[in-house]
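Visitor: These are the residues of each chain, in order.
Number of protein chains: 2
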Amino acid sequence: MAQHLLDLSAFRCPENLLSLSPTYPRSAADYLVAARQAEALSLQHLLRMARLVVAISSLVHALQRERGASGIFASSAGARFRELREKLVLETDRELANFDALLASLGSDGDIIQAGNRLLSRMALAVHQLEHLDNCRQRVAALQVNYEEVNQCYTELIRCLMAVVFEAADSASDPEITRALVALFHFMQGKELAGQERALGGMRLASGQFSTALAERAGILVEGQERCFEIFSHFADDATLALWRHDVVPCALEEVRRLRAIICSPCRDPQRDAELSEQWFAVCTRRIDAMKQVEDALERNVEQTSEIRLAAARQDLDRYRRDVLAIQQPDPLTTLADYPEDASVDALGPALGRSMIDLLQSQSQRLHSMQEQLDKARTALEERKLLDRAKALLMKHRRLREDEAHALLRKMAMNQGRKLIDVARAVIAMADVLGSSD
Amino acid sequence: MAQHLLDLSAFRCPENLLSLSPTYPRSAADYLVAARQAEALSLQHLLRMARLVVAISSLVHALQRERGASGIFASSAGARFRELREKLVLETDRELANFDALLASLGSDGDIIQAGNRLLSRMALAVHQLEHLDNCRQRVAALQVNYEEVNQCYTELIRCLMAVVFEAADSASDPEITRALVALFHFMQGKELAGQERALGGMRLASGQFSTALAERAGILVEGQERCFEIFSHFADDATLALWRHDVVPCALEEVRRLRAIICSPCRDPQRDAELSEQWFAVCTRRIDAMKQVEDALERNVEQTSEIRLAAARQDLDRYRRDVLAIQQPDPLTTLADYPEDASVDALGPALGRSMIDLLQSQSQRLHSMQEQLDKARTALEERKLLDRAKALLMKHRRLREDEAHALLRKMAMNQGRKLIDVARAVIAMADVLGSSD
Chain A
5 MAQHLLDLSA
15 FRCPENLLSL
25 SPTYPRSAAD
35 YLVAARQAEA
45 LSLQHLLRMA
55 RLVVAISSLV
65 HALQRERGAS
75 GIFASSAGAR
85 FRELREKLVL
95 ETDRELANFD
105 ALLASLGSDG
115 DIIQAGNRLL
125 SRMALAVHQL
135 EHLDNCRQRV
145 AALQVNYEEV
155 NQCYTELIRC
165 LMAVVFEAAD
175 SASDPEITRA
185 LVALFHFMQG
195 KELAGQERAL
205 GGMRLASGQF
215 STALAERAGI
225 LVEGQERCFE
235 IFSHFADDAT
245 LALWRHDVVP
255 CALEEVRRLR
265 AIICSPCRDP
275 QRDAELSEQW
285 FAVCTRRIDA
295 MKQVEDALER
305 NVEQTSEIRL
315 AAARQDLDRY
325 RRDVLAIQQP
335 DPLTTLADYP
345 EDASVDALGP
355 ALGRSMIDLL
365 QSQSQRLHSM
375 QEQLDKARTA
385 LEERKLLDRA
395 KALLMKHRRL
405 REDEAHALLR
415 KMAMNQGRKL
425 IDVARAVIAM
435 ADVLGSSD
Chain B
5 MAQHLLDLSA
15 FRCPENLLSL
25 SPTYPRSAAD
35 YLVAARQAEA
45 LSLQHLLRMA
55 RLVVAISSLV
65 HALQRERGAS
75 GIFASSAGAR
85 FRELREKLVL
95 ETDRELANFD
105 ALLASLGSDG
115 DIIQAGNRLL
125 SRMALAVHQL
135 EHLDNCRQRV
145 AALQVNYEEV
155 NQCYTELIRC
165 LMAVVFEAAD
175 SASDPEITRA
185 LVALFHFMQG
195 KELAGQERAL
205 GGMRLASGQF
215 STALAERAGI
225 LVEGQERCFE
235 IFSHFADDAT
245 LALWRHDVVP
255 CALEEVRRLR
265 AIICSPCRDP
275 QRDAELSEQW
285 FAVCTRRIDA
295 MKQVEDALER
305 NVEQTSEIRL
315 AAARQDLDRY
325 RRDVLAIQQP
335 DPLTTLADYP
345 EDASVDALGP
355 ALGRSMIDLL
365 QSQSQRLHSM
375 QEQLDKARTA
385 LEERKLLDRA
395 KALLMKHRRL
405 REDEAHALLR
415 KMAMNQGRKL
425 IDVARAVIAM
435 ADVLGSSD
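Keeping their order, the protein sequence lines are chains A and B.
Every position in the first sequence, counted from 1, becomes a number in the working numbering once 4 is added.
Every position in the second sequence, counted from 1, becomes a number in the working numbering once 4 is added.
Just so you know, these hints were derived from the structure itself, not from any lab.
Mixed in with the good hints, there may be bad ones.
Where chains are identical, the list cannot tell them apart; a pair therefore holds if satisfied intra-copy or between any two copies.
Simulated pairs of lysine to aspartate or glutamate, DMTMM-like, Cα-Cα distance not exceeding 25 Å [what the hints assert, rightly or not]:
| no. | residue 1 | residue 2 |
| --- | --- | --- |
| 1 | K380 | D174 |
| 2 | K389 | E180 |
| 3 | K400 | D293 |
| 4 | K415 | D362 |
| 5 | K389 | E376 |
| 6 | K389 | E408 |
Whole structure, please, built from the sequences with the hints as guidance.
Guide: The following block contains the structure:
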C-alpha cells in the first residue's frame, strides 16, 4: 500500500496559512471562516486517522492469517504449516512496518490534541500487545504453547487493534467518513468473528470434544457475524455492497451451514471428524478470503471518502473566504440612509448584514444537518459501547481484567441463552438500580 | 473581574514540553503518557473556554439590565430612565471590553482546532449580533424604535451569546466542568426567561391589551423557568444550591405569583394596570437581582472547577510519567528465564508487563467512568438539542430563518396548549415518518 508512505506533512499547509485574524475586534466573518478552517483541520486529521485505520485493517488481516497457520503449527506439534507460518510472519512484519511508519509520522502537539485521550489510550493498549508479539512467536516456534493459547494471544492483539478502529469511527466528526469507518469496522469485526468460528470449529473437530458451552459459543459467534454484516450492509457504499452480495454471501454458504450443524451436534466419530476438519478449514478459509476483497473495497472507500471530504472542505474554504470578503467590502454607494426602518430584528442592523445573516443561517443549518447524519451513523456504535460499559462495571465491582470481564459476560450470555448485548443491558440496568454505577 | 486579565499564555507551557517521543518504535508507555497529555491539553483549553463563558455570563447580565432600561426609555418616549440607560450602556461596554480582551487572546491554530466548527459558528453569530448593538443603541437614543423592537433586538443578541455557552457546555470533555457549565447555562437561561417574563408582563400592563396568546406565552415562560431551575438544581454545587434555596426561591415569590395571576386574567382597568406595572417591575427586578448572586457563585464555580481540574491533571501527568518510567526501567536481574510459562494471555508476554497492564486497565476503566459521568451531565442538554433539531427541520422545509422557526414552534405550542419540547418532538417525529429529515 504505497499511499501509506505519502508524506503526510504535505497536508499541513493550507489551513494553517490563515489563523483567526490578529487585528481586533474580529468580525463575524472572521469567526465564520475560522469555523470552516476548524472543519478543514479536523478533516486533515481524519485523513491521517483513515490511513492509520487502513494500515490497521491490513495488519489485522495479516495477523488473522498468521494466527491460523500458527495454531495449526502448534497443534500439529510442528508437523504442519511450518513454512507457511514463516512466510505469513514475514507478511505480517511488512504490514507492521507500514503501520509503524504511519505512527512515526504522528506525534505533534496537534496530533495529540486531535487524537485525544481515548484514542491514545487505545493505541497504548494495542502497542502494548504488539510489544509481546515477538515473545508469542518465539514460544510458538519453540512449540511451548498449544492451539488455544496461540489463538488467545493473537485474538487479544486483534481485539486491541480493532478497538483503535472503533475509537477512530466514534470520534470522527464528519458523517460520511464516520459512515465509511462504521462500515469497515463492522465488516472487520464480522470477518474476525468468522475467523474465530473457524478456529473454534477446528478445535472441536480436532479434539472430538463436544460440550453445550462450545455449541453456545459457536452460536454467539454466528449471531455476532450476522449482526456485524447487517450493520456493515446498512452503511456500505453501493459498489461494495454489490461485491458482498454477489461474491461473498453465496460463497460456500450451504457448506458452511451444513458443517456448522455437524459441529454443533454431540455425536462424534474420530475418523469422520478428521476429514471434516480439513473440509471445515477449507470452506471457512474460502469464505474469509472472499471477504478480503470486500474489506479492501471498504479500506479504499474510507481513504477516498476522507480525501474527497478534505479536498471539498478546502475548496469550500477558499470559496467561503471570497464570499465573506465580498460581503465585507460592500458597494460604497450604499449608505445608512438606504436601510429600511421596519421593525424586524435584522432591520435593526444594516440591511447589508442580510447576506452575512444568510451565510450564518446556512452555516447553522449545515451544522444541524451534519450533526443529525453523524448521530445516525454513531447509533450503530452504541451497541458496542453498551458492552464496554457493562465490562467496565464488572471490572470495577468484581475486580476483573477486561478480558476476564468479557469472558464473564459471554458466560452469562451462554448460561442464560441470551444475546451478549441483552446481558450487557441487564448488567448496566442492575448497576443503575443498585446505584453503584459511579 | 480581574481574573479575566490573567495572561492565558502562561498556561501553554507544561503539556507542550513533552510530545510523543520522536524515537521509534514508541512504547505503550509513550502513548499512555500522550493520552494524559491530551487530557491536560484539553483541560487547558477548557479553562480558557470557562473564562470566556464567565465573561459572556457577565456580559449577558449587563445586556439584560440595559435592555430593561432601554425598553422603558423607548416606551416612555424618552421620559424615563434616560440617565440609568446611559449608565448601563457604559457598564455593558466595560463587560464588552472584558469579553473582547479574552477573545483577542484566542486565535492560534490550537484554539481553532479545539474550539471546533460548532463553537466558532456560534461565536460568529454572537459577534454578528454584537456588531449591530451600536446601531440598535443609536436607534433607541433617537427614539426610532418601540419597546417590543428594543426588546427583540437585545433578546436576540442574548440568545446568540447563550448559544455559545451551550456549545461550550456540550463540547466540554470533562464531567465536572460539564456539570458546572450545565448548571450555569440553565441558570442563565432561567434568569433570562424571568427577564422576558418581566418584559412581557410590563407590556401587557402598559398597553392594557390582553390576549389568550399573551397568557399562553407567559405560561411558556413560567414553565421554561421552572424547567431551567430544576436542571440547575440538579447540577449545582451544594453551597450555590443553599444560596438559591434560602435567598432566591422565597424572594418575592408570593407577590410574583399574585401578579402573574392578574396579568394573565382578561379584566382590565387602566388606572390599576399602571400601578401594577410599577409593582410588577419592582418585584420582578428584586427577584432577578437576587438571582445575580447565585449566577456569580456559578461563574466562580465554573472557573474554579476548571482550574482545579487542570492543576490535578498536571499533577497526575507528572506522577504518571514517574510511574511509567519506573515500569520501563525494571530490575536488571530479571531475565527471560524468570517468566512463568502458564497459559494466560499475559503470561505470553513478559510478566514484567503486568504492572503496565495494570496501568492500561486502570486508564481504560477511568475513561469508561468519565464517559459515563459525561453522558449523564450531557443528557440535560438534549432537550435544547431537540428544539434546535426541530428548528432546523422547519428552517429547511419551510425555508425559514432561525428566529422565524423558533417563533413558529412557539406559536404551535401556544395554539396546541403544549410544551415547546413536546411540539419539537412531534415535528421531529413527523419529519422522520415522512423521511424528509435528511
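Visitor: Take the hints in turn and mark each one as holding or not.
Guide: Hints, verified against the model:
Proximity of K380 to D174 under the C-alpha cut-off of 25 Å is found in both arrangements, the shortest distances being 12 Å within a copy and 18 Å between copies. For the identical chains of this complex, K389 and E180 are neighbours both inside a copy (21 Å) and across copies (21 Å), given an alpha-carbon limit of 25 Å. Proximity of K400 to D293 under the C-alpha cut-off of 25 Å is found in neither arrangement, the shortest distances being 40 Å within a copy and 46 Å between copies. Only between protomers do K415 and D362 lie at most 25 Å apart by alpha-carbon distance; the minimum there is 24 Å, versus 57 Å within a single protomer.
When the C-alpha separation of K389 and E376 is checked against a cutoff of 25 Å, the pair qualifies both within a copy, at 19 Å, and between copies, at 10 Å. When the C-alpha separation of K389 and E408 is checked against a cutoff of 25 Å, the pair qualifies only within one copy, where the shortest distance is 17 Å, while the shortest distance between copies is 38 Å.
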